[in-house]
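Chemist: Hey, can you work out the whole structure from these sequences and the hints?
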Amino acid sequence: MNSGLEHRDFAESLGAYALGALPKEECARVREHLVSCRECRAELEWLRAGVDALPASVPQVEAPPELRERVMQVVEAEAELLRAAGEAADQPPVRRRAWRWWPSVSALRPSVVVTACAAAVVIAGAILSLSSGVTPGTRTVHAQITGPARVLGARASLRLRGSRAELVVSRLPTPAADHVDELWVQRGSAAPVPAGTFVVRNGAVDVARPVRRGDHVLVTVERGRGARAPTTTPFIVAKV
Amino acid sequence: MATQRRSGARAGGTGLRQLGDEDLMQLVAGGDARAFEVIYERHCTAVFSLAYRICGVRAAAEEVAQEAFLSIWRSGARYDRTRGSVRTWLLGVVHNRAIDSLRRSTVHDRLRAADETAAERVEAPERTEVEVARRDEARSMRAVLGALPSEQRRVVELAYFGGFTHEQIAEMLGAPLGTVKGRMRLALEKMRASIEPREAVL
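From first to last, the protein sequence lines stand for chains C and Y.
Residue numbers for the first sequence follow this note's numbering, so the first one is 752 and each next one is one higher.
Residue numbers for the second sequence follow this note's numbering, so the first one is 20 and each next one is one higher.
Take these hints with a grain of salt, some might be off.
Part of the chain C face toward chain Y, derived, beta carbon under 8 Å [claimed, not checked]:
{"#": "1", "residue": "Leu805"}
{"#": "2", "residue": "Pro806"}
{"#": "3", "residue": "Glu820"}
Derived DEER-like restraints, expressed as beta-carbon distance ranges [what the hints assert, rightly or not]:
{"#": "4", "chain 1": "C", "residue 1": "Arg976", "chain 2": "Y", "residue 2": "Gly193", "range": "47 to 57 Å"}
{"#": "5", "chain 1": "Y", "residue 1": "Ala162", "chain 2": "C", "residue 2": "Pro815", "range": "51 to 61 Å"}
{"#": "6", "chain 1": "Y", "residue 1": "Arg158", "chain 2": "C", "residue 2": "Lys775", "range": "15 to 25 Å"}
{"#": "7", "chain 1": "Y", "residue 1": "Leu196", "chain 2": "C", "residue 2": "Pro816", "range": "40 to 50 Å"}
{"#": "8", "chain 1": "Y", "residue 1": "Ala78", "chain 2": "C", "residue 2": "Leu785", "range": "35 to 45 Å"}
{"#": "9", "chain 1": "C", "residue 1": "Val951", "chain 2": "Y", "residue 2": "Glu215", "range": "21 to 31 Å"}
{"#": "10", "chain 1": "Y", "residue 1": "Glu186", "chain 2": "C", "residue 2": "Ala928", "range": "21 to 31 Å"}
{"#": "11", "chain 1": "Y", "residue 1": "Leu192", "chain 2": "C", "residue 2": "Glu776", "range": "19 to 29 Å"}
{"#": "12", "chain 1": "C", "residue 1": "Leu785", "chain 2": "Y", "residue 2": "Arg158", "range": "26 to 36 Å"}
{"#": "13", "chain 1": "Y", "residue 1": "Leu192", "chain 2": "C", "residue 2": "Lys775", "range": "15 to 25 Å"}
{"#": "14", "chain 1": "Y", "residue 1": "Arg102", "chain 2": "C", "residue 2": "Pro815", "range": "22 to 32 Å"}
{"#": "15", "chain 1": "Y", "residue 1": "Arg100", "chain 2": "C", "residue 2": "Asp957", "range": "22 to 32 Å"}
{"#": "16", "chain 1": "C", "residue 1": "Arg952", "chain 2": "Y", "residue 2": "Leu192", "range": "39 to 49 Å"}
Stretch by stretch, here's where chain Y covers chain C in the computed footprint (C-beta under 8 Å, at least three residues) [to be verified]:
{"#": "17", "segment": "760 to 772"}
{"#": "18", "segment": "920 to 932"}
If you're looking for bench data, these hints aren't it; they were derived computationally from the structure.
Ideal Cβ placement from N, Cα and C applies to all residues, glycine included.
Modeler: Dropping the structure here:
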C-alpha cells in the first residue's frame with residue numbers, strides 16, 4: 752500500500768488522473784497503485800474513454816496549408832536521409848518503390864481495371880505454385896500479393912475442396928475506414944464476378960461462388976459495402 | 020468515419036490511401052514519408068482544432084500541431100495498436116504538448132482556453148463529407164458536454180482544456196478538493212455512458 756493511502760483514495764482520484772489534473776507526486780503514486788490494482792486499471796480504462804472523447808467536442812478548424820508544407824518538408828528531408836543511410840540506418844527495411852506503379856483511384860476506369868486484373872492474373876499465373884493438400888480432397892494454392900500488403904508482410908492462400916474455395920489470410924492490412932476487401936472470381940478473360948466482402952486480418956473467408964480449375968480468385972479494396980465490378984487493382988491473386 | 024478524399028491531395032498512391040491508420044503507422048515506423056502524409060491528411064483538422072482550442076492563438080496552435088506531427092513521424096515505431104487507435108494516440112500527443120505550451124502562458128490565457136465559447140466563432144466551412152461528419156460529431160459531443168451539470172462541465176474544461184490541477188481548480192472555485200475530484204469522475208462517467216453507443220459507429 753502506498754504512503755498509507757487506501758484503495759478508496761486512489762479510486763477517488765482516477766477521474767483527475769485520467770484528465771491529467773493531478774500534481775506530479777500524486778500522479779506517480781496513482782501510477783504505482785495501478786500496477787498492482789486490477790480494479791482501478793479497469794475503472795481507469797472506462798473513464799479514459801470519456802477523456803478520449805473530449806477532443807471530438809472541439810469546433811473543427813481547418814489547418815493552414817503552410818503547416819502541411821512545413822511538416823512535409825521536414826519529413827521528406829528526414830526520409831531522404833534515412834534512404835541515403837541505407838542499411839546503416841537503424842530502421843527496418845522497407846521496399847519503398849514496391850507500389851509506385853499503383854494508379855490513383857481517380858485515374859481508374861472500369862476498362863483499365865479489367866485490363867489490370869488480367870495483367871495481374873497473367874503475372875500471378877507465372878509465379879503461383881501449388882502445394883499438396885493437408886486433408887484428402889483438399890489442396891492449397893498460394894496466392895500472389897502485391898502493393899503495400901506485401902510490404903507489410905501479408906500472406907494468403909486458397910484452400911480448395913471440390914468447387915468450394917476458402918481464402919486464408921494472415922497479417923492482411925486492415926482496409927481504411929469505409930472500405931472493405933472484396934473477393935472476385937474471374938473465369939478466363941470474362942469480367943470478374945463478386946464473391947463476397949470481408950474485413951479480416953488473420954483467418955479464413957469463404958469464396959461465395961463456386962470455382963473450377965483455371966479460375967482466378969482476386970481480392971481488391973472497395974469503398975462502402977463493396978462494388979459490382981472492381982474499381983481498384985487486385986492485390987491478392989490466386990489461380991485455382 | 021470515412022476516408023479523406025480531398026481533391027488535389029498529394030499523398031501516396033491508392034494503395035496507401037486504402038490502408039487503415041494502424042498499418043500506415045507500420046510503414047511510417049520504417050521511414051515511409053508517403054504513408055505519413057496520408058496520416059497527416061486524415062488527422063490534420065482534428066489535430067489543429069484541438070491545439071487551437073487549447074492554445075487559443077493560431078501561431079501557438081500551429082507550433083504545437085507541427086511539433087506533434089513531427090514527434091509522431093520520429094517515434095512511429097513506438098505506436099502500439101493494442102493501446103488504442105492512432106487518432107487517440109495522436110490527439111493525446113497534441114493535448115500534452117498544447118497543455119505544456121499553455122502552462123507557460125498566463126492564468127488569464129488558460130482561463131480563456133478553458134472557456135468553450137472562445138473557439139466557436141472560427142469554425143472553418145464544411146468542405147468534404149469527412150469534415151461534415153467530424154463537424155456533426157463535434158456538435159453532438161458538445162451536446163454531451165453541455166448536458167452535464169455546469170459544475171461538472173466546468174471542472175472538466177478547466178482540467179482538460181486549461182491544464183489546471185485539481186488543487187488549482189478547487190482554489191479557483193472555492194470548493195473542497197474531494198468535491199472537485201468527485202465532479203471530475205462523475206462527469207467522465209456520464210460522458211462515457213453517453214458515447215458508448217456511438218463508438219460502434221465511429
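Chemist: Each hint: holds or not?
Modeler: Now the hints, each set against the structure:
1. Checking Leu805 of chain C against chain Y: minimum C-beta separation of about 5 Å stays under 8 Å; hint holds.
2. Nearest Cβ of chain Y to the Cβ of Pro806 of chain C: about 4 Å, under the 8 Å cut. The hint holds.
3. At about 10 Å, the closest approach between the beta carbon of Glu820 of chain C and any beta carbon in chain Y exceeds 8 Å, and the interface hint on this residue is violated.
4. As the Cβ distance of Arg976 of chain C to Gly193 of chain Y is approximately 56 Å, the hint placing it in 47 to 57 Å holds.
5. A hinted range of 51 to 61 Å is violated for the C-beta pair Ala162 of chain Y and Pro815 of chain C, which are about 28 Å apart.
6. About 36 Å separates the C-beta atoms of Arg158 of chain Y and Lys775 of chain C, a value inconsistent with the hinted range of 15 to 25 Å.
7. For the pair Leu196 of chain Y and Pro816 of chain C, the supplied restraint of 40 to 50 Å holds, since their beta-carbon distance comes to about 46 Å.
8. Range check, Ala78 of chain Y to Leu785 of chain C: Cβ separation about 37 Å, and the 35 to 45 Å hint holds.
9. Taken as a hint, the range 21 to 31 Å holds for the pair Val951 of chain C and Glu215 of chain Y, whose Cβ atoms sit roughly 26 Å apart.
10. At about 41 Å, the beta-carbon gap between Glu186 of chain Y and Ala928 of chain C misses the expected band of 21 to 31 Å.
11. A C-beta distance of roughly 22 Å is found between Leu192 of chain Y and Glu776 of chain C, which places it inside the suggested range of 19 to 29 Å.
12. Between Leu785 of chain C and Arg158 of chain Y the beta carbon distance is about 34 Å. The supplied range of 26 to 36 Å therefore holds.
13. Taking the beta carbon of each, Leu192 of chain Y and Lys775 of chain C are about 22 Å apart, inside 15 to 25 Å as hinted.
14. Distance hint check for Arg102 of chain Y and Pro815 of chain C: the Cβ-Cβ separation is about 31 Å, which falls inside the suggested range of 22 to 32 Å.
15. Between Arg100 of chain Y and Asp957 of chain C, the C-beta spacing of about 27 Å keeps the proposed range 22 to 32 Å intact.
16. Look at Arg952 of chain C against Leu192 of chain Y: about 48 Å separates their beta carbons, and that is inside 39 to 49 Å.
17. Beta-carbon proximity to chain Y at under 8 Å applies to 9 residues in the segment 760 to 772 of chain C; the threshold of 3 is reached and the given coverage holds.
18. Counting residues of the segment 920 to 932 of chain C whose C-beta sits closer than 8 Å to any C-beta of chain Y gives 7, which meets the bar of three, so the coverage hint holds.
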